[in-house]
Amino acid sequence: MRPRGGGRGLFRAARGRPAAQAVEMVGMKRIVAIVIVGLVLAGLGLAAQQGFTMRGRLGATDQEVQEGYFAIDSQTMIVVKPGSDFHRYLRSKIGQRVRLSIEPETGSE
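One point on numbering: in the numbering used here, the residue at position 105 of the sequence shown is 105, and numbering is uninterrupted.
Calculated from the structure, these hints are not laboratory results.
For every residue, glycine included, the Cβ atom is placed at its ideal position computed from N, Cα and C.
Just to be clear, a hint being listed does not mean it is correct.
The calculated label-pair distances, taken between Cβ atoms and stated as ranges, are [unchecked claim]:
#1 GLY56 - LYS81: 20 to 26 Å
#2 PHE86 - VAL32: 19 to 25 Å
#3 VAL98 - GLN66: 18 to 24 Å
#4 SER92 - MET54: 15 to 21 Å
#5 ALA42 - ASP73: 25 to 31 Å
Assemble the whole structure, with the sequences as input and the hints as a guide.
In C-alpha coordinates, the structure reads:
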(Lines of atoms letter the chains of each structure in order from A and count residues from 1; the text may use other names and numbers.)
(Lines give C-alpha, C1' and ligand atoms only; values in the text may rest on other atoms or scores of the structure.)
Protein backbone atom coordinates (compact mmCIF):
# COMPACT_ATOMS: atom_id res chain seq x y z
CA MET A 1 0.00 0.00 0.00
CA ARG A 2 1.16 3.50 -0.79
CA PRO A 3 0.94 6.13 1.93
CA ARG A 4 -1.76 8.73 1.66
CA GLY A 5 -0.69 11.89 -0.07
CA GLY A 6 1.14 10.40 -3.00
CA GLY A 7 4.77 9.61 -3.70
CA ARG A 8 7.89 11.36 -2.56
CA GLY A 9 6.97 14.89 -3.55
CA LEU A 10 7.51 17.98 -1.42
CA PHE A 11 3.78 18.52 -1.02
CA ARG A 12 2.82 15.14 0.38
CA ALA A 13 1.41 14.95 3.87
CA ALA A 14 4.04 14.69 6.60
CA ARG A 15 3.09 12.47 9.55
CA GLY A 16 -0.60 12.97 9.05
CA ARG A 17 -0.38 16.75 8.62
CA PRO A 18 -1.97 18.45 5.65
CA ALA A 19 0.34 19.27 2.76
CA ALA A 20 0.32 23.03 3.51
CA GLN A 21 1.65 22.41 7.03
CA ALA A 22 4.37 20.15 5.63
CA VAL A 23 5.52 22.90 3.27
CA GLU A 24 5.45 25.41 6.14
CA MET A 25 7.62 23.08 8.27
CA VAL A 26 10.20 22.79 5.47
CA GLY A 27 10.31 26.58 5.21
CA MET A 28 10.76 26.99 8.97
CA LYS A 29 13.58 24.44 9.02
CA ARG A 30 15.36 26.35 6.27
CA ILE A 31 15.02 29.62 8.15
CA VAL A 32 16.34 28.07 11.37
CA ALA A 33 19.27 26.51 9.48
CA ILE A 34 20.13 29.84 7.82
CA VAL A 35 20.02 31.66 11.18
CA ILE A 36 22.28 29.05 12.82
CA VAL A 37 24.81 29.21 9.97
CA GLY A 38 24.76 33.01 10.15
CA LEU A 39 25.42 32.99 13.90
CA VAL A 40 28.30 30.54 13.53
CA LEU A 41 29.90 32.62 10.76
CA ALA A 42 29.47 35.82 12.77
CA GLY A 43 31.09 34.16 15.78
CA LEU A 44 34.03 32.99 13.69
CA GLY A 45 34.47 36.45 12.23
CA LEU A 46 34.42 38.04 15.68
CA ALA A 47 36.91 35.49 17.01
CA ALA A 48 39.25 36.16 14.09
CA GLN A 49 39.23 39.89 14.85
CA GLN A 50 39.81 39.43 18.57
CA GLY A 51 42.74 37.03 18.28
CA PHE A 52 43.59 33.57 19.51
CA THR A 53 44.50 32.25 22.98
CA MET A 54 45.82 28.85 24.01
CA ARG A 55 46.74 27.46 27.41
CA GLY A 56 48.85 24.51 28.40
CA ARG A 57 52.06 23.22 29.93
CA LEU A 58 55.22 24.46 28.24
CA GLY A 59 57.77 21.77 27.48
CA ALA A 60 60.98 21.24 25.53
CA THR A 61 64.06 19.02 25.57
CA ASP A 62 67.51 20.59 26.01
CA GLN A 63 68.20 20.33 22.27
CA GLU A 64 64.81 21.84 21.39
CA VAL A 65 65.48 24.78 23.73
CA GLN A 66 68.86 25.42 22.09
CA GLU A 67 67.18 25.44 18.66
CA GLY A 68 64.24 27.60 19.82
CA TYR A 69 61.47 24.96 19.75
CA PHE A 70 58.90 24.92 22.55
CA ALA A 71 55.75 22.79 22.86
CA ILE A 72 52.48 23.76 24.51
CA ASP A 73 51.01 20.44 25.68
CA SER A 74 51.24 18.02 22.76
CA GLN A 75 49.16 20.18 20.43
CA THR A 76 51.32 23.11 19.39
CA MET A 77 54.98 23.77 18.65
CA ILE A 78 56.33 27.33 18.84
CA VAL A 79 59.57 28.36 17.15
CA VAL A 80 61.38 31.45 18.43
CA LYS A 81 64.73 33.00 17.61
CA PRO A 82 67.38 31.59 19.97
CA GLY A 83 68.91 34.31 22.15
CA SER A 84 65.94 36.69 21.87
CA ASP A 85 64.12 38.10 24.90
CA PHE A 86 61.11 35.89 24.14
CA HIS A 87 63.40 32.83 23.94
CA ARG A 88 64.85 33.60 27.38
CA TYR A 89 61.35 34.14 28.78
CA LEU A 90 60.02 30.84 27.42
CA ARG A 91 63.13 28.99 28.62
CA SER A 92 62.43 30.21 32.16
CA LYS A 93 58.81 28.95 31.98
CA ILE A 94 59.47 25.31 30.93
CA GLY A 95 57.35 22.92 33.00
CA GLN A 96 54.85 25.62 33.97
CA ARG A 97 51.35 26.25 32.66
CA VAL A 98 51.31 29.21 30.28
CA ARG A 99 48.78 31.15 28.24
CA LEU A 100 49.78 32.39 24.80
CA SER A 101 47.63 35.07 23.12
CA ILE A 102 47.95 36.23 19.53
CA GLU A 103 46.01 39.40 18.75
CA PRO A 104 45.87 41.74 15.77
CA GLU A 105 47.71 45.02 16.14
CA THR A 106 45.28 47.87 16.82
CA GLY A 107 47.38 50.79 15.60
CA SER A 108 49.45 51.28 12.49
CA GLU A 109 53.18 51.93 12.57
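Starting from the hint 15 to 21 Å, judge whether the C-beta atoms of SER92 and MET54 obey it. holds, 19 Å
For the range 25 to 31 Å, tell me whether the beta carbons of ALA42 and ASP73 fit it or not. This hint holds: roughly 29 Å between Cβ atoms.
Is 19 to 25 Å a correct range for the gap between the Cβ atoms of PHE86 and VAL32? violated, 47 Å
Go ahead and decide if the range 20 to 26 Å is satisfied by the Cβ distance of GLY56 to LYS81. holds, 22 Å
Does the Cβ pair VAL98, GLN66 satisfy 18 to 24 Å? Holds, since VAL98 and GLN66 (Cβ atoms, about 20 Å apart) stay within the stated range.
Violated hint for the displayed structure: number 2, the only one.
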